[in-house]
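Colleague: Each chain is listed here by its residues.
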Amino acid sequence: MRAFTSFMLLLSSMCLLTGCSPFASDNTVEEIAPVTFLSVEAGGEKGKLKVSTLVPPVMKEDKQFFSTNVTLLEQGRRSFNLKYYREIKLGQLRMLFIDEKVARNGIVSLIDTILTDPEVSPRLYLVVFKGDFEAFIKNRMQQQKDLDYYLYRMFKHYEKGKQGEITVTNIHEFMEKVYSPYSDPYIPVFRVDKDNFRYEGTGFFGNGKLKGGTDKNQDQFFQLLNNYHFLKNMIITPLDVSLGEVRSRVTTHVNLNDHTVSFNIHYRGRIDEYRGTKDLDRQVSIYELVDELEGYMEEGTVSLLKKLQELKVDPLEIGGQTMAPASKPMSEEDWIKFWESAKIKVDCHFELEPLSI
Amino acid sequence: MGDFILFDKTAQLGKGYIIAFANRSQMLYFILFLPKFLEMPYSLLGILAIGILSQINLFILSKCLSSKYTQQGYQGFADLLGRRTLRIIAFAGIAFIFIKMSLIILGYAEIVHQFIFPAMQLPWMILFIILLSTYIASQGMEKTLRFGIIAFLCTFWIILLYIPYFFPPGAELHDLYPLIPTDWSHNPWKGILMVWSSLSGPEYLLLLLPWLNSKQKMLRYLSIANAISILQYLLLFLGCLFFFGSTYLGKIGFPVVNMIRYLQSPVFERVEIIMISLLMFHYVFFISVLLLCLYGAIRISAGTQDKETTRKGFYAVCLLVLAGVFFIQSFYWREGKELNGWANVQLWSGAFTYLLIPSLLLAATKIKGRGSSL
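Chains as they are written, first to last, in UniProt numbering: chain A, 1 to 357; chain B, 1 to 374.
Keep in mind that the hints are not guaranteed to be accurate.
Claimed, not checked - Simulated pairs of lysine-lysine, DSS-like, Cα-Cα distance not exceeding 25 Å:
#, chain 1, residue 1, chain 2, residue 2
1, A, 145, A, 130
2, B, 307, A, 328
3, A, 48, A, 216
4, A, 328, B, 9
5, A, 60, A, 130
6, B, 251, B, 9
7, A, 209, B, 251
8, A, 160, A, 48
9, A, 209, A, 48
Claimed, not checked - Computed spacing ranges between beta-carbons, pair by pair:
#, chain 1, residue 1, chain 2, residue 2, range
10, B, 320, A, 8, 32 to 40 Å
11, B, 167, A, 116, 23 to 31 Å
12, A, 108, B, 341, 25 to 33 Å
13, B, 341, A, 117, 35 to 43 Å
14, B, 266, A, 113, 38 to 46 Å
15, B, 48, A, 116, 46 to 54 Å
16, B, 234, A, 260, 34 to 42 Å
17, B, 334, A, 117, 39 to 47 Å
18, A, 5, B, 341, 53 to 61 Å
19, B, 216, A, 11, 47 to 55 Å
None of these hints come from the bench; they were simulated from the model.
We treat Cβ as the ideally placed atom computed from N, Cα and C, and that holds for glycine.
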């Protein structure tokens, strides 16, 4: 009796855990298409979305590009299922590409939809694109096998490396920043056309809507001011110099009485390449270069911060500095009001490791 | 098939069992969404304050546990309170035990439904949990209590999963501000009540006394268990604050489970499924103990406590519980981010039993003791 009972128990728990049960959805490999990305564009009519994806991403079959016009995101999945012999599963969804126009209208509800699906990981990467993503995928999927997978690996690589080449954001980070009062989310922006998928900079969001972004040059300043505080490679064309392994240490100070926000930034980097006229063997010219670099960094940082003020966003979480253990925190509106009109003081210090073998 | 004996005792369980039981009883269903209700960082102080109150309560409880009446099990309680009163109390106890048990079952079924099997019908999960608990409980009280160690070992280390959340860049110091409450626009009383209610559970040790070794420093073990629980509460809440930030935290259904979804492991894609499955050991253990308590309470209130336990009777009780839980599931249980009606009932009933039972019992012992010495 006891042996029988334990056997039945074992059997039933095995059934439950492995999913061979009458009440779990079925996941036979031949019958499903676990897609790795969804792209969302504005549809033809107002309020409509155009959802696209590539199926099947894992099997050795010819890939097909699907797209459909829908009002709701989940409707897209259903309409794919209706015209395709496999069932679309979102369990392996890794990337969400969002068209710039959709992003400008706000994407919080879109992301909420994705986030409520327990299968979808909160580490899903978010990307904003400008241009014709469909043309890019259609063109490239012939030339390159597993295009979607390698796109995913790219984001994963730069997320893990934290090397500041491109901004990487996932859904959780985005949502946390949307809700937290002193920080605004940011998402990498890519420009796509038929042949290229090119990183353009970081897009800044305020209230869940895309407000604006950096260009490629400005993005370097953002990376150094932001979380990672690191740039593997910094190109400074006006000074004909390229720096490697630049690390920054930022101290921010918000003075509510003076209405100023001051930044004190220490950089440390190595000269990788120099094509200017100075003779870098002489210490004096190194000092000159350092002075020029500091001036350049200050200028660039100030212009980036001015842009953030203009856009009324605070992706750097500067507002967090106003909090203290025992004081009442400012409201989000108060902070943004303060921030957009605050005076900015930037002080840069550069420590340069010379070009040498 | 031999006799069906549920309440015999052949050995006395030592300190490990007491600590494991008390600690696990304080880490039940409520902690999975407690951070959502605490929300503001200054509730950390609230947890600490309630922890100290709980410690005082455990002091009272340990006094009760070591009194000569409670040590003798049913006979002692009958001497202390009188048979008639005891029957009434046992009858009332049925309700409390059932509320606690049904909340654990329904809550766990809901979590499984939400995170693992969204397509599953809830009654299947309820049936499965009750079947498992019935099996474990039918092994008798002693073996069930021994199973507590397994439950403890299976679930204790889950707290370690939360360590990665304490490191930057996710964790920043200003996530924890303001530490001192500055205005009362956010009303924390419900969260604080929930901490107290969630800490309730050690009072069930009163019913298990005959199986425990009585010559022990009860207070010390209870204090250890309580301290571990408070530490775990603090860690979970801090982790949630770092991960979500206080505003977002208020909008998350089960923050403690949801956080785990963010973890990456090279082997398993979804760590939270493993965590939820292991939590089942913990919950099933507790439900089995409560099933046995319920059976005992029904026997006492029916006046049949001196007769032998029967297989039929016990299974009938389990079936009754199943029917009751189904009933509640269809009429009172609603899934959602808000605390539903039934969880609210447990919130109050748990707080009530933890607050009153030790003190009332101690008072009864003192009065009786004075009466008998006169």
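Colleague: The hint says 25 to 33 Å between residue 108/A and residue 341/B; measuring C-beta to C-beta, is that right?
Modeller: holds (30 Å)
Colleague: Lying within 23 to 31 Å: is that true of the beta-carbon distance residue 167/B to residue 116/A?
Modeller: holds (28 Å)
Colleague: So if I understand the rule, the pair passes when the alpha-carbon distance is 25 Å or less; does residue 209/A with residue 48/A pass?
Modeller: holds (17 Å)
Colleague: Regarding residue 234/B and residue 260/A, is the given constraint of 34 to 42 Å on their beta-carbon distance met?
Modeller: holds (37 Å)
Colleague: Please test the hint of 47 to 55 Å on the beta carbon pair from residue 216/B and residue 11/A.
Modeller: 41 Å Cβ-Cβ, so the 47 to 55 Å window is violated.
Colleague: Verify the proposed pairing of residue 160/A with residue 48/A, using a straight-line Cα cut of 25 Å.
Modeller: Measuring from Cα to Cα gives roughly 35 Å; hence the hint is violated.
Colleague: For residue 328/A and residue 9/B, compute the direct alpha-carbon distance and say whether it is at most 25 Å.
Modeller: violated (58 Å)
Colleague: Is the straight-line distance between the alpha-carbon of residue 60/A and that of residue 130/A 25 Å or less?
Modeller: Between residue 60/A and residue 130/A the Cα gap is close to 31 Å, so the pair fails against 25 Å, i.e. violated.
Colleague: Indicate whether the distance between the beta carbons of residue 341/B and residue 117/A respects the range 35 to 43 Å.
Modeller: Since residue 341/B and residue 117/A have Cβ atoms about 28 Å apart, the given range 35 to 43 Å is violated.
Colleague: CB of residue 48/B to CB of residue 116/A, is that within 46 to 54 Å?
Modeller: Violated, since residue 48/B and residue 116/A (Cβ atoms, about 34 Å apart) do not stay within the stated range.
Colleague: Taking the beta carbons of residue 320/B and residue 8/A, is their distance inside 32 to 40 Å?
Modeller: violated (22 Å)
Colleague: Residue 48/A and residue 216/A were given as a pair; does the straight-line alpha-carbon distance stay at or below 25 Å?
Modeller: Between residue 48/A and residue 216/A the Cα gap is close to 31 Å, so the pair fails against 25 Å, i.e. violated.
Of the numbered hints stated above, those contradicted by the structure are hints 2, 3, 4, 5, 6, 8, 10, 13, 14, 15, 17, 18 and 19, listed in ascending order.
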